[in-house]
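The residues making up each chain are set out below.
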Amino acid sequence: MTETSVPHLRVVTAPSDRSDDTLCRAFVAGEPQAFGELVRRHQELIFRVVRRYAESPDEARDLTQRAFLRAFEAARRSLPRLGRSGPVPFRAWLLRIALNLGKNHLRARRRWKLAPVANLESLASPAPDAADGLARAEEQARVKAAVLTLPRRQREVLTLRVDGALPFAEVGEALGITEGNAKVHFCMAVKRLKEELR
Amino acid sequence: MTCEECQALATTGDTAAAEHLAGCAACREEEAKTKAALALAAMPALSGEEAAQLGPLAASTWSAWRRAERRKSLWRSVAGLAVAAAVGGLIASAALLRASPHSSAPQRAVVAAADDPALLASDDEFDTSAYEVPWTFDSENPEGEAP
Numbered sequence: 001m002t003e004t005s006v007p008h009l010r011v012v013t014a015p016s017d018r019s020d021d022t023l024c025r026a027f028v029a030g031e032p033q034a035f036g037e038l039v040r041r042h043q044e045l046i047f048r049v050v051r052r053y054a055e056s057p058d059e060a061r062d063l064t065q066r067a068f069l070r071a072f073e074a075a076r077r078s079l080p081r082l083g084r085s086g087p088v089p090f091r092a093w094l095l096r097i098a099l100n101l102g103k104n105h106l107r108a109r110r111r112w113k114l115a116p117v118a119n120l121e122s123l124a125s126p127a128p129d130a131a132d133g134l135a136r137a138e139e140q141a142r143v144k145a146a147v148l149t150l151p152r153r154q155r156e157v158l159t160l161r162v163d164g165a166l167p168f169a170e171v172g173e174a175l176g177i178t179e180g181n182a183k184v185h186f187c188m189a190v191k192r193l194k195e196e197l198r
Numbered sequence: 001m002t003c004e005e006c007q008a009l010a011t012t013g014d015t016a017a018a019e020h021l022a023g024c025a026a027c028r029e030e031e032a033k034t035k036a037a038l039a040l041a042a043m044p045a046l047s048g049e050e051a052a053q054l055g056p057l058a059a060s061t062w063s064a065w066r067r068a069e070r071r072k073s074l075w076r077s078v079a080g081l082a083v084a085a086a087v088g089g090l091i092a093s094a095a096l097l098r099a100s101p102h103s104s105a106p107q108r109a110v111v112a113a114a115d116d117p118a119l120l121a122s123d124d125e126f127d128t129s130a131y132e133v134p135w136t137f138d139s140e141n142p143e144g145e146a147p
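Protein sequences appear in the order of chains A and B.
Note that our numbering numbers the first sequence so that position 44 is 44, with each residue one more than the last.
Note that our numbering numbers the second sequence so that position 98 is 98, with each residue one more than the last.
Calculated directly from the structure, the hints in this document are not laboratory data.
Errors might be hidden in some of the hints.
Listed below are several chain B residues computed to face chain A (Cβ distance under 7 Å; list not exhaustive) [said to hold, decoys possible]:
no.: 1; residue: Ala8
no.: 2; residue: Thr11
no.: 3; residue: Cys24
no.: 4; residue: Glu29
no.: 5; residue: Thr34
no.: 6; residue: Ala37
no.: 7; residue: Met43
no.: 8; residue: Glu50
no.: 9; residue: Gln53
no.: 10; residue: Leu54
no.: 11; residue: Gly55
no.: 12; residue: Thr61
no.: 13; residue: Trp62
no.: 14; residue: Ser93
Each pair of labels, with its calculated beta carbon distance range [unchecked claim]:
no.: 15; chain 1: B; residue 1: Glu5; chain 2: A; residue 2: Pro80; range: 46 to 52 Å
no.: 16; chain 1: A; residue 1: Ala165; chain 2: B; residue 2: Ala22; range: 38 to 44 Å
no.: 17; chain 1: B; residue 1: Lys35; chain 2: A; residue 2: Arg111; range: 33 to 39 Å
no.: 18; chain 1: A; residue 1: Arg77; chain 2: B; residue 2: Ala99; range: 42 to 48 Å
no.: 19; chain 1: A; residue 1: Gly30; chain 2: B; residue 2: Glu29; range: 58 to 64 Å
no.: 20; chain 1: A; residue 1: Leu82; chain 2: B; residue 2: Ala99; range: 49 to 55 Å
no.: 21; chain 1: B; residue 1: Ala86; chain 2: A; residue 2: Ser56; range: 43 to 49 Å
no.: 22; chain 1: B; residue 1: Ala39; chain 2: A; residue 2: Ala29; range: 42 to 48 Å
Taking lysine-lysine and the PhoX-like style, the derived pairs with C-alpha atoms no more than 25 Å apart in a straight line are [claimed, not checked]:
no.: 23; chain 1: A; residue 1: Lys194; chain 2: B; residue 2: Lys35
no.: 24; chain 1: A; residue 1: Lys191; chain 2: A; residue 2: Lys144
no.: 25; chain 1: A; residue 1: Lys194; chain 2: B; residue 2: Lys72
no.: 26; chain 1: B; residue 1: Lys33; chain 2: A; residue 2: Lys191
no.: 27; chain 1: A; residue 1: Lys191; chain 2: A; residue 2: Lys103
no.: 28; chain 1: A; residue 1: Lys144; chain 2: A; residue 2: Lys103
no.: 29; chain 1: A; residue 1: Lys144; chain 2: B; residue 2: Lys35
no.: 30; chain 1: A; residue 1: Lys191; chain 2: B; residue 2: Lys35
no.: 31; chain 1: B; residue 1: Lys33; chain 2: A; residue 2: Lys144
no.: 32; chain 1: A; residue 1: Lys103; chain 2: A; residue 2: Lys194
no.: 33; chain 1: A; residue 1: Lys144; chain 2: A; residue 2: Lys194
All residues carry an ideal CB built from backbone N, CA and C; glycine is no exception.
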């Protein structure tokens, strides 16, 4: 097949009102425009979720891209099996994949932790007038680090609820738990964070 | 609802907890602490650099998808060729073995028993007369030199 005959992604300015399920099925059936539409629809949410696990915007973008690629791969693999039995939970797949990628990325980062010299120098000699700001930044960094050390389920619920601003029902759907269970995990996570602040 | 239950449920938007909060100063104070903790835990709004990353994301993801598809189809072709070559090799070697004359009639090994009477008899009757050479003396060439 020549390069010119391959379908290219068409730039669509106005998002359509087709559902995720319809777009997902259209993509698997061979409509490349559906791919771009699904990415544009969910890219900000996924980016906001994974950037907690990333150290830079570039890392967050890579994680977002990988999450989409895996979700589309999962859709292509699973759709023939699912058939027309029900709607494709594309957004839930995407969120779950993004959280797993973030978790794996975090684990790899902890294994190969690097401390940039410039950051160490700036921490060692703060300006006197920036002491308050620094104290707050340190507190914020401590709480953010505490979020990453929460038990997996609590961290996932907190990330989806706080970073993704998702309702508990959707948090539960994405993680394969009930809404009530998601609320319980959220309460436990908040309790631990408050203890961290004391 | 108790204060403890309220503090657990206040963050989940529970209506009973909201009613309790309206009449309980201690719970309101605790809820303010919870909100502060969540504000510290929340990520800041997307920066300009981060927002810029999202612009070309759809196109770059589509390119990555197509690259992966091409790689997969290349691997499938290579694997197909390897399997075809292996099957062809097997068929060819089977045909060669069938066409070979040695393979159709395997040779029988001839085994002679050590106590075969025929062999033992021939050993006993070894005839040395065949090795005897007639000896004549040439008087003109006593040294036996070549003429």
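Now for the hints, and whether the structure bears them out:
1. Ala8: 5 Å, holds
2. Thr11: Nearest chain A Cβ about 5 Å off; hint holds.
3. Cys24: Interface hint status for Cys24 of chain B: violated (18 Å vs cutoff 7 Å).
4. Glu29: Result: violated, 12 Å to nearest chain A Cβ.
5. Thr34: Cβ of Thr34 of chain B sits 6 Å from chain A, so the hint holds.
6. Ala37: 5 Å, holds
7. Met43: 5 Å, holds
8. Glu50: Holds. Min distance 5 Å.
9. Gln53: 4 Å, holds
10. Leu54: It holds, given that the least Cβ distance between Leu54 of chain B and chain A is near 5 Å, below 7 Å.
11. Gly55: For Gly55 of chain B, the interface hint is violated, since the closest Cβ of chain A sits about 10 Å away, which is over 7 Å.
12. Thr61: 5 Å, holds
13. Trp62: 4 Å, holds
14. Ser93: With Cβ-Cβ at 36 Å, over 7 Å, it is violated.
15. B:Glu5 <-> A:Pro80: 46 to 52 Å: Between Glu5 of chain B and Pro80 of chain A, where Cβ atoms are some 48 Å apart, the hint holds.
16. A:Ala165 <-> B:Ala22: 38 to 44 Å: 25 Å, violated
17. B:Lys35 <-> A:Arg111: 33 to 39 Å: With Cβ atoms ~35 Å apart, the hint holds.
18. A:Arg77 <-> B:Ala99: 42 to 48 Å: The hint (42 to 48 Å, Cβ to Cβ) holds, given that Arg77 of chain A and Ala99 of chain B are roughly 47 Å apart.
19. A:Gly30 <-> B:Glu29: 58 to 64 Å: Holds, since Gly30 of chain A and Glu29 of chain B (Cβ atoms, about 59 Å apart) stay within the stated range.
20. A:Leu82 <-> B:Ala99: 49 to 55 Å: For Leu82 of chain A and Ala99 of chain B the Cβ distance comes to about 54 Å; the hint holds.
21. B:Ala86 <-> A:Ser56: 43 to 49 Å: Cβ of Ala86 of chain B to Cβ of Ser56 of chain A: about 47 Å, so the range 43 to 49 Å holds.
22. B:Ala39 <-> A:Ala29: 42 to 48 Å: 45 Å, holds
23. A:Lys194 <-> B:Lys35: Measuring from Cα to Cα gives roughly 10 Å; hence the hint holds.
24. A:Lys191 <-> A:Lys144: 14 Å, holds
25. A:Lys194 <-> B:Lys72: 49 Å, violated
26. B:Lys33 <-> A:Lys191: Given that 25 Å is the threshold and the Cα spacing comes to 10 Å, the pair holds.
27. A:Lys191 <-> A:Lys103: OK: Lys191 of chain A and Lys103 of chain A at ~22 Å, within 25 Å.
28. A:Lys144 <-> A:Lys103: Answer holds: Lys144 of chain A to Lys103 of chain A is near 14 Å, not above 25 Å.
29. A:Lys144 <-> B:Lys35: 15 Å, holds
30. A:Lys191 <-> B:Lys35: 11 Å, holds
31. B:Lys33 <-> A:Lys144: 16 Å, holds
32. A:Lys103 <-> A:Lys194: 23 Å, holds
33. A:Lys144 <-> A:Lys194: 12 Å, holds
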